[in-house]
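*Asks:* Chains A and B, in that order, are what the protein sequence lines are. With full-length UniProt numbering applied, the first sequence closes on residue 400, and no number is skipped along the way. With full-length UniProt numbering applied, the second sequence closes on residue 262, and no number is skipped along the way.
Worth flagging that the hints you see were computed from the coordinates, not collected in a lab. The beta carbon of each residue, even a glycine, is placed where N, CA and C say it ideally should be. Be aware that one or more of the hints could be misleading.
Computed list of chain B residues with no C-beta within reach of chain A, every gap over 10 Å [claimed, not checked]:
#: 1; residue: A45
#: 2; residue: I170
#: 3; residue: R183
#: 4; residue: D185
#: 5; residue: K191
#: 6; residue: Q227
#: 7; residue: V243
No more than 25 Å apart at the CA atoms, straight line, and that leaves these computed lysine-lysine pairs for DSS-like [as the list claims (entries may be wrong)]:
#: 8; chain 1: B; residue 1: K114; chain 2: A; residue 2: K331
#: 9; chain 1: A; residue 1: K307; chain 2: B; residue 2: K114
#: 10; chain 1: B; residue 1: K177; chain 2: B; residue 2: K101
Computed far set for chain A versus chain B, every beta-carbon distance over 10 Å [what the hints assert, rightly or not]:
#: 11; residue: Y148
#: 12; residue: T236
#: 13; residue: E238
#: 14; residue: D311
#: 15; residue: S321
#: 16; residue: G381
#: 17; residue: A384
#: 18; residue: V396
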Amino acid sequence: MRKPLVFSLLIIVFLIFAVNNVLAQGLQFDGFLESYYSIKLKDDHDFIGERSRFRLNLRNSSDNMYMFASLNGVSNGIIEDDELEVEIHEAYLEYTQPLWDVKIGRQIYSWGKADGVRITDVLSPCDYSEFITRDFDEIRIPVDSVKYRYLFPMADLELVWIPTFTEPVYPGDEDNPWYVEKGIKVNSAEEVENELGNSELAARLSFYLNGIDFSFSTAYLWDDEATYHKTGATFTPEYHRLRFYGLDLSKPVNDFVIRFESAYYQGKYFSADNNCGLLERDYVHSLAGLDWYPGNNWTVTTQLTNKYIFDYEDEIEEDESQTILTLNLSKKFYRETLELANMVYYETDERDGFNRISLDYAVNDNLHFLTGIDYFFGDEGEFANYDDNDSLWVKVKYNF
Amino acid sequence: MRNRILLVFLLLILVLGTVVQAAELTGRDIMVKVDNRDDGDTRKAKMVMTLINNVGDKRIREVVSYQKDYGKDTKAIMIFESPGDVKGTGYLSWEYDDEDKEDNRWLYMPALRKIRRISGSSNDDYFMGTDFTYDDMGDRNVDEDEHTLLREEELNGYQCWVIQSIPKEIDEGDYTKKISWIRQDIAMAIKTDYYNEYGLLKTYQAKDIVEIDGIWTPKQRLMVNKQDEHQTIIDMTELKFNVAMDDNLFRTSMLKRGNIRY
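Kindly produce the complete structure, drawing on both the sequences and the hints.
*Replies:* This is the structure:
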């Protein structure tokens with residue numbers, strides 16, 4: 001997708017600033033190199049994950065300016081035939097004053113209090129080309145945007161302008177083991193044009209107070225999930241506008257932290273079994289969570305999420321109410337050099353789910369060795385689609 | 001003759017007064033003196049934490065730390081500069097002297113781009129794999145322990161009070177007793193032995209104690225765990241006291257800023 005002029009100019013300014021500072025003060029850099037391999041536990045034990053990633057972070061500051069850029073080099077043997085893709089992952093300039101700051105460029109947003117579930121976290125789209133088995137840092141797609149923050153005495157106000165729409169990424173075709181056959185003929189998705197009227201706008205007011213944090217958020221944005229418009233026997237994915245109102249809070253109580261998050265989405269198009277293949281409805285997506293820190297490096301996190309569609313009709317393909325439970329247990333051993341974790345997603349209606357058991361061993365300060373098992377279970381539902389993709393995986397990550 | 005009697009009488013009053021004063025100084029009084037020792041209203045430092053295991057392998061963590069006192073309460077922000085896997089991690093705390101008031105703590109994880117509220121009650125957990133607990137790093141309230149003056153003795157050439165401190169409430173995993181050597185001239189603990197149910201757990205030592213801007217401070221802190229033969233050395237560099245720090249520095253919004261400039 002062609003990026004508009006303002007961001008091309010920004011990249012030039014960014015480079016000038018960076019080069020100027022390299023000469024003046026020197027650039028700081030760090031990053032990592034990692035390799036990941038995943039092999040199926042069923043059938044012929046094919047590889048379903050085979051990728052290497054190189055990340056170079058560059059940063060520099062001068063007076064009230066700060067610049068950050070990260071470059072990604074990715075080689076994926078399963079879904080990209082080992083072609084090396086190099087791209088600018090994030091690149092932004094930040095100007096700070098004691099009571100406000102502004103950040104311009106490609107950046108990642110992470111709103112809300114939920115873990116591994118998106119409720120009010122609506123600004124950065126996701127790369128689901130390997131479903132949810134990648135790290136957050138790989139799944140989240142940065143967006144070209146401007147973020148302004150004002151620090152009130154008791155609260156932070158965040159205003160975001162996203163001038164161009166960034167599409168999420170889904171498993172492309174049947175060569176990808178994470179591709180799910182829809183059983184319908186689908187055209188390519190209609191693009192959202194780069195024009196001012198197609199911008200996304202968002203605001204968030206966050207309070208971090210003694211004993212409680214809470215935020216209110218709102219946005220006028222594009223629904224990252226395209227809906228399928230029916231024309232005869234074929235379907236064309238289209239993106240639609242959504243209005244969004246969110247609330248999140250977290251409150252510590254002794255060894256626990258209680259979390260709550262809820263978002264009301266207005267004007268969502270749902271796939272339906274009717275003439276045009278669509279029905280417009282509002283829905284609410286909520287989460288209640290409890291974190292327990294019992295000591296001795298144990299962490300227990302549990303979350304209950306529910307998505308509820310208002311004015312439901314039977315033609316809508318999704319269920320009126322969907323509930324997902326998550327449970328994450330983790331324990332660090334040997335001075336935090338070894339971490340054992342188990343993360344479970346369980347869909348209560350379909351009784352399907354996903355369980356990841358993982359072990360992360362820090363060989364030294366720079367080198368981590370990780371391994372684990374991903375296990376999908378159930379007969380119906382989103383997780384059950386990947387029942388054949390149970391896998392054993394290993395990852396080596398070197399930080400520099 | 002009358003003058004000599006008067007002189008002896010005055011000397012007697014002086015000696016008795018000193019004895020009475022020393023006798024009246026309780027363990028709690030001494031620990032209050034330690035607690036009230038001038039350590040500046042604000043503190044900025046770079047901490048290099050060296051973690052050494054039982055076979056001598058080292059891991060190093062570099063942290064930039066800012067602290068500001070609000071009466072007896074303290075706000076602190078720490079940003080990790082190394083190693084690479086934790087670089088950019090930020091930790092913000094608002095610690096309260098009132099033992100009934102829970103501390104506020106937030107953690108910023110750069111990989112997740114997320115500020116997370118964490119529980120403020122687990123003060124006996126170890127900080128980032130070091131041998132220091134959150135309590136050891138922070139400011140434990142004097143009245144959480146029962147303090148007894150055991151004796152006075154010399155340590156490393158300094159006259160010290162030796163104080164035994166026993167927690168009033170002991171949970172599983174807590175230390176059961178502390179013995180501290182308090183340097184009398186500057187009211188600072190230069191050595192502390194920590195005990196748990198298995199005996200001596202770890203020993204703390206304050207080293208390279210210097211006066212900076214009129215404030216006595218150790219440039220090196222050493223904690224040796226006797227039970228698993230692990231130790232942590234914290235070297236403090238770029239120490240500054242009583243420098244101006246805006247209250248806004250101790251807000252979660254700062255954890256997300258690319259760098260903190262004060």
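*Asks:* Hint by hint, say whether it matches the structure.
*Replies:* Hint check results:
1. A45: Label holds. Min Cβ-Cβ 20 Å, cutoff 10 Å.
2. I170: Given a closest Cβ separation of 13 Å, the condition holds.
3. R183: Holds, since 30 Å exceeds 10 Å.
4. D185: Given a closest Cβ separation of 36 Å, the condition holds.
5. K191: 23 Å, holds
6. Q227: The assertion about B:Q227 holds, with a minimum of 13 Å to chain A.
7. V243: 15 Å, holds
8. B:K114 to A:K331: Given pair B:K114, A:K331 holds - Cα atoms ~21 Å apart, limit 25 Å.
9. A:K307 to B:K114: 23 Å, holds
10. B:K177 to B:K101: Holds - the C-alpha atoms of B:K101 and B:K177 are around 23 Å apart, at most 25 Å.
11. Y148: 12 Å, holds
12. T236: Holds: least Cβ distance 34 Å, greater than 10 Å.
13. E238: 30 Å, holds
14. D311: Since the minimum Cβ distance to chain B is about 34 Å, A:D311 lies beyond 10 Å and the statement holds.
15. S321: 28 Å, holds
16. G381: Holds: least Cβ distance 27 Å, greater than 10 Å.
17. A384: 28 Å, holds
18. V396: Non-interface label stands for A:V396: nearest chain B Cβ at 13 Å, farther than 10 Å.
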